[in-house]
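Q: Chain by chain, the residues:
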Amino acid sequence: MKRAAVLLVLALGVPAAAQTPAQKIEVQYTQFTLPNGLHVILHEDHGVPLVTVNTWYHVGSANERPGRTGFAHLFEHLMFMGSGHAPYGQFDERLEAVGGTNNASTENDRTNYYIDVPSNALELALFFESDRMGYLLDAMKPMTVDAQRDVVKNERRQSYENRPYGMADITLGEMLFPENHPYHWPVIGYMPDLTAATYEDVVAFFKTYYSPSNASLVVAGDIDTTKARTLVEQWFSDVKPGPAPAPMTIPGVALTGVQKKTITDRVQLPRLFLAWLTPRHLEPGDAALDVVADVLAGGKNSRLYKRLVYDMQIAQDVSAYQESQALCSTFHITATPRPGHTPDELQTVIDEEIGKLQREGPSDHEVQRSLNQIEASFYNRMERLGGFSGKADQINAYFTETGDPNWFGQDLGRYRALSPSNIRAAATAFLPRDRRVELTVMPEPGASK
Amino acid sequence: MRRVLPGLLVLAGVVTSGQQAPDRTRPPQLGPPPPLNLPTIQNRRLSNGLPVWLVELHEVPVVQVNLVVLRGSGNDPAGQFGAASLTAAMLEEGAGSRSSLEIADAVDFLGADLGSASGIDSSAIRLHVPVARIADALGLMADVALRPTFPKDELERLRRERLTNILQARDNPATIDALAFNRALYGPTHRYGTAANGTAQTIAALTTEDLRAFYAASFQPANASLLIVGDVTIEKTLPLLEASFGGWKPATSASPPTSVGDAPEPAARQIYLVDKPGAPQSQIRIGWIGVARSTPDYFPIQVLNTILGGSFSSRLNMNLREKNGYTYGASSQFDMRTSAGPFVAAAGVQTDKTADALREFFNELNGIAKTVPADELARAKNYVSLRYPEGFETSGDISRKLEDAIVFHLPADYFSKYVPNIEAVTAADVQRVAQKYIQPNRFVVVITGDLKVIEPPIRVLNLGSIKTMTLDEIFGPAPKLTQ
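First to last, the sequence lines map onto chains A and B. The first sequence: position 198 = 198 (this note's numbering), numbered continuously. The second sequence: position 222 = 222 (this note's numbering), numbered continuously.
Bound-form chain A, shown alone:
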């Protein structure tokens, strides 16, 4: 029997906005915590005969110390290099041999891993995931660290240093956050720190941050909840508990003026980056700033796109987004001037439009257009089960941030509650012209044309 994975319940009472499909979005799940502290969430979805094993460790680059930046991400690579009962090579070879795929990613505040397999291979995925949670160090050697150190350095070269404008993100973090704030340094880390990382660092990091009580596991897809629970309990039962990591002391941050900087790159055109410090994910103002971003630069009719790109045609592109994070969010506006135009020209127009939004607020139509798109995105996000940002990954994210794996409806509710006056208030409070970062990337003199 094919069971609907997403329950869509017609809400009672038709909401005012006739364009809204007025459906409730939620997932069914079972959750429990093992004696070693590992929190487990099971979710059945029989749409395709696949299961995903999705593991979040509540550690990221924010837990690093100066001199060892990039370590959380380097460590993520080491999780694929073999564990006590799975010698190096077996993880990928055996998972490929059953038709599985896997990957992981590191951010400031979390590291996530997924293994997607046909449903008959659930137990194999649990074997590998539990073995590296329990027995990673049994297989770790200094030469393992060296091998992935070189790979990660090449990831940095490929994704940042050799990519047009690739260093701007790293510079923006350094300008937005003071040196003692853990968002000051990039997730990918600095080259000398990657060089300095040692085997002893790996051992200490694993013992500090990779205990089962600092992780959450979502097993989702074509599973039988009872059988899956038995398998999870069996495979993770011998993973030793560890101490909870000490809570971090996070310095408060605020920009007190305009931070201005110009860097150069091997590019044809300059690019302007404006950035602000904004409310943390799920705090008041966070959802409103997503709508502010839409009103400013989402689609052809957005205010900045229409003026800079469509009408004046002095910009090649413009984008705006709220980057929601656990300790402090940032809001970004990025624009590239057309040949013959300058970042200053764009900045003047951008400031006019922000000012106008702060004075007059958005129209009802602009807000409803944005909310309709956001609501559609909630449905679109439910289509895929595994991988990055599939349903299992979202369940783990909601659990991590709210304690409720089924926070989909409440999250959508944050947006549905917004009115034009909320949007105006957020733009006014959080996008001040006199407290922000202004970064310009200029073409290197003599860059090949």
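Check each hint, because a few of them may be wrong.
Quick list of in silico lysine to aspartate or glutamate cross-link-like pairs, EDC-like style, CA-CA up to 20 Å [what the hints assert, rightly or not]:
(1) A/356 x A/434
(2) A/300 x B/153
(3) A/300 x A/265
(4) B/401 x B/472
(5) B/323 x A/146
(6) A/306 x A/353
(7) B/249 x B/231
(8) A/306 x B/23
(9) B/370 x B/275
(10) B/323 x A/351
(11) A/300 x B/105
(12) B/452 x A/161
(13) A/240 x B/23
(14) B/452 x A/444
(15) B/452 x A/353
(16) A/306 x A/351
(17) A/207 x A/138
(18) A/306 x A/352
(19) A/261 x A/174
(20) A/300 x B/23
(21) A/227 x B/23
(22) A/306 x B/113
(23) A/260 x A/150
(24) A/300 x B/154
(25) A/306 x B/105
(26) A/24 x B/231
(27) A/306 x B/102
(28) B/480 x A/317
(29) B/152 x A/311
(30) B/467 x B/275
(31) A/300 x B/429
(32) B/480 x B/161
(33) A/300 x B/275
(34) A/306 x B/153
(35) A/306 x A/344
Treat the hints as calculated values from the structure; they're not laboratory data.
Using the hints provided, position chain B relative to the given structure of chain A.
A: Okay, now just chain B, sitting in the frame of chain A:
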């Protein structure tokens, strides 16, 4: 056979909950893979003959609707490279009674995604929308597909945007290397040797008349198919489709598609270098002209490429990334089109290891001609066949599968026979296609990097004759962008 590992003795002591300790001495044994339940494809026709392919997928209340026409950039007229791409983009810039901004506002307000784009062998208008709004969205989609107005001022705007894109393409070493590789293989006149977007010269010259002509020849019901995948039923959807697309009549008689034809293979190995001063990595592309999608060797080639560079555990990635750390990832690909597209092996490698990486690329490309060990073959076949259901998960996934079936005229039982066809591939098949399609002594090698550093060690390798390519040779002269 069971192996007893030293760690096993301590396991019993850490079990905390009365759970039986897992047996970690070997990976768990698996049951048989789940049966592949392919979605049912319902085929109908509208009153004007337009074929409809519909798949019901009721998990999430969304729907994907694609109108596909069998003309793409491969059908660009000579001297008008970029016509298909620009034509597709112009469809959204004015249609029916709506302007560019009005179309965008209506689509965004529905929470829909609507895009028109060309590929090499086809063009498509693709809609993804909450199913509650399908009727309004179909009306917009039909305007864009059937009643584009090609406003002159919007063309001038897109032209400037695209000329700037062509200028910016010179920034990215991966883009430069990929275009240089195609140019080296196919030359300036074969369509595959020039970017799908065209060049500054062709984009500057295209007129609304050119685009209207391309549209008229391409967008014909006789040449099109409509795909619907999502939370819909055939009974309720057909009338909506009929209302939006059933009245679409051919404007002129459909002309048979032009074929780009096959280009000759390179006769001998040739190395091309593109200078990117200061680059911390070198972009490497190695290969030659591969096969058309219609190749009878399709299934052995899937297995071959998985072994060579199509999976994480492939030989190229294990050597260049895992063993040597020269790169973040190395891979290979057969790009199959209606005519033979390129085979390419590629990586971005750190500048001071460029020559070492080239040597290892050729070690693997030469080594693939030998018989593949049984376990490696089995792993690759399983990886391809057992992962197959994953490609039928979302409405977008399924619509892409259906598009392939239409564009490449795949047989009706293609999806159901895919897994048995992969399972039937033998080591001898893989060796045969490896020897036929991987001939490293005739490969073109294109490297974009800091020549001051990488050229001397590359010359020492003595791989073949070396030429340099300039950015103007790859892209054509830079666009003249007035202020």
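Q: CA of residue 306 of chain A to CA of residue 102 of chain B, is that 20 Å or under?
A: 12 Å, holds
Q: Is the hinted pair residue 306 of chain A and residue 344 of chain A satisfied, with a Cα-Cα distance of at most 20 Å?
A: Holds - the C-alpha atoms of residue 344 of chain A and residue 306 of chain A are around 18 Å apart, at most 20 Å.
Q: Keeping to a limit of 20 Å between CA atoms, is the pair of residue 240 of chain A and residue 23 of chain B held or broken?
A: Distance ~16 Å between residue 240 of chain A and residue 23 of chain B Cα, so the pair holds.
Q: Does residue 472 of chain B lie within 20 Å of residue 401 of chain B when you go C-alpha to C-alpha?
A: Roughly 38 Å between the alpha carbons, so the hint for residue 401 of chain B and residue 472 of chain B is violated.
Q: Check whether the Cα positions of residue 370 of chain B and residue 275 of chain B lie no farther apart than 20 Å.
A: Answer violated: residue 370 of chain B to residue 275 of chain B is near 35 Å, above 20 Å.
Q: Is residue 300 of chain A close enough to residue 105 of chain B, meaning Cα to Cα at most 20 Å?
A: Given that 20 Å is the threshold and the Cα spacing comes to 8 Å, the pair holds.
Q: What's the verdict on residue 300 of chain A and residue 265 of chain A, does the C-alpha distance respect the 20 Å limit or exceed it?
A: 29 Å, violated
Q: Can you confirm whether the C-alpha distance between residue 306 of chain A and residue 353 of chain A stays at or below 20 Å?
A: Distance of about 11 Å is within 20 Å: holds.
Q: Would the hint linking residue 300 of chain A and residue 23 of chain B be met if the CA-CA limit is 20 Å?
A: With Cα atoms ~59 Å apart, residue 300 of chain A and residue 23 of chain B exceed 20 Å; violated.
Q: Check whether the Cα positions of residue 323 of chain B and residue 351 of chain A lie no farther apart than 20 Å.
A: 51 Å, violated
Q: If you draw a straight line from the CA of residue 306 of chain A to the CA of residue 352 of chain A, is it 20 Å or shorter?
A: 13 Å, holds
Q: Quick one, are residue 260 of chain A and residue 150 of chain A close enough, alpha carbons at most 20 Å?
A: Violated. Residue 260 of chain A to residue 150 of chain A sits at ~34 Å, over the 20 Å cutoff.
Violation of the numbered hints given earlier is confined to hints 3, 4, 7, 8, 9, 10, 15, 20, 23, 31, 33; the remaining hints are satisfied by the structure.
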